[in-house]
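Asker: Put together the whole structure using the sequences plus the hints.
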Amino acid sequence: MEENTVHAAETNELEEYRKRKESYKFRETPKAVRVLFGIAKYVILIGACLLVILPLLVVLIGSFKTHDEYITTNVFALPSVPQFGNFATAFVDGDVMHGLLNTAIILLISCAGTIITGTMTAFVLQRFNSLFTRAVKAVFLVAALLPNISMQVTVFQVINSLGLYNSIWAPCILYIGTDIVSIYIFIQFLNNISRSLDESAFLDGASYFRIYWSIILPMLRPAVATVLVIKFVGIYNDFYTANLYMPSKELGVVSTALYRFIGPYGAKWEIIFAGIIICIIPSLIIFITLQKFIYSNLVAGSVKE
Amino acid sequence: MAAPAKTKKRDFFDWLHGYTGQKYTTTLLFLLIPIILMILFTIIPAANMFIFSFQDRDQFGVNPEWVGLDNYKTIFTDTSYLSTFRNSLYYLAGSFAQQAVALFIAVLLCSKIRFANLFKGVIFFPYMMNGVAVSLIFRRFFQKGDGITNTEGTLNSIIQMFGGDPVKWLSNPDIVNWCLVFASIWRYIGFDIIMYIGAIQSISPDIYEAADLDGANAWQRFWYIIFPSIRPIVALQLILAIKGAVSVFEIPYIITGGKVGTSTFVIKTIDTAFTYQHVGLASAMAVVLLAIILVVTGIQKAFFKEDK
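First to last, the sequence lines map onto chains A and B.
As numbered in my numbering, residues 1 to 305 make up the first sequence, in order.
As numbered in my numbering, residues 1 to 308 make up the second sequence, in order.
Hints may be right or wrong, so weigh each one.
[As the list claims (entries may be wrong)] Residues on chain A that point at chain B, a partial pick, calculated with CB under 8 Å: (1) 52; (2) 53; (3) 259.
Think of the hints as simulated: they come from the structure by calculation, not from any bench.
Where is the CB? At the ideal position from N, CA and C, for every residue including glycine.
Answerer: Structure representation (structure tokens):
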């Protein structure tokens, strides 16, 4: 059924192209020009990649230098002896270790929380059509438009009066409680899961909780994977939530640990560089292992939004 | 968690067991926590934002004073607030350029090319990177050496290799915003490229074949086939760019701290609330930002009603 409509759309596109074609004037490109274009393509792409790599390469080289080398040698000059001590300093003294640990805890709690509350919310909102669920849906739709960082002006007072200021629960509860994108991804996925499954299970005497738990949740697995990737990128890279709500030193996350380097290590860039490299590695590993999945889900998810 | 307890209770009421009853209880139980969270962290803050915007109050809200529209007047008359909107124009121009370049690279990557995946991966990776890391990398990239504690940064080193003189990128108010825009494009462009690639690849291969038979060249393929079919996405991206341009925060906040005329509206809002403790004024700024976003969303919805 669905394939047919897609096919029809494609034929339409083709027909439209044929109609438009009447007004086009096609000319064969000379071979020399085509070869030139062929080379230019690679030059442009290699240039673009160099633009990405150069700033990173300087950081990588710098992270292995001694402080003397940093202040005397060119940014592209390799260190005479690679120094691994910068990494140790950044990891232990620079609190990157605590940052990674706290980020991991926050990720774990927020992801678990989002998956449980998000799938439950989506289940009710998508399956039960009542005035109440429609109202909740509408509020979520409006809430998604609120500017996240500016909202902290007044969210701050709520967090403060709940006694969550300077605690690891502040970011966790905000990541769970204000994540509307995930709910939408779950709802979209549920649109494609047939209701006849729930209905037959219900007639067999299963409660709605059971239907949710043993039928819906397992089928939502691909959507959960999408949400996990989006959550990882969002939380691992988020700076302002932690910066605002967890000012104490031992509550640093990856972002704030790096940000705090600017103070005490302001003049010791080789240590900052090492910190940057350590913080990028987890992202790099996830990117390399999940590349295809990230392209299709991260991007597709946001376009649908 | 509360579900088992409720299940027992249900045995006492027959109707609760039925279709409607279960619908009510499930709706209530499943939405309980999300709705509490939504009230706490969305509805109350949003309502407060509107109320506070008419008040003069500090972070603790002791003796707030009603000041009517004074806060809004300040935003639209004080040049230090208005100038942040001018900075948004840099980012708006930047994101238009970003869309053009992203589309161009996406077309290149969709043509017959070797190592397309490698190119794609390298250009996309900055999107995955921590924003603080990106900002620090660009602090170094644009750094001006002082001969004592810092050597020339990456860009100045390259300029010197070609015999040029080093430039004070981040302390010259005429160019610093462009530097920040560049860092921002560097970080986000990979996302747009992947999105355009997806759109281009969803065009039916039949059309390409037909065009090949007609003898269309690369430019004609782009102009007559690719562009018409992805025009809605490009238009959507350009509208979204307005939202992005007024919401810029992280990169200027970390690279320059909003100094040298690089402050943005959001940085100003945050500073007003948490550094200067003018919560009333900051709330009014948040309302203004929300109003801009709502207008843009309205335009977007009006233009893109048919294709969802």
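Asker: Tell me, which hint numbers fail for this structure?
Answerer: The structure conflicts with no hint, since it agrees with every one listed earlier.
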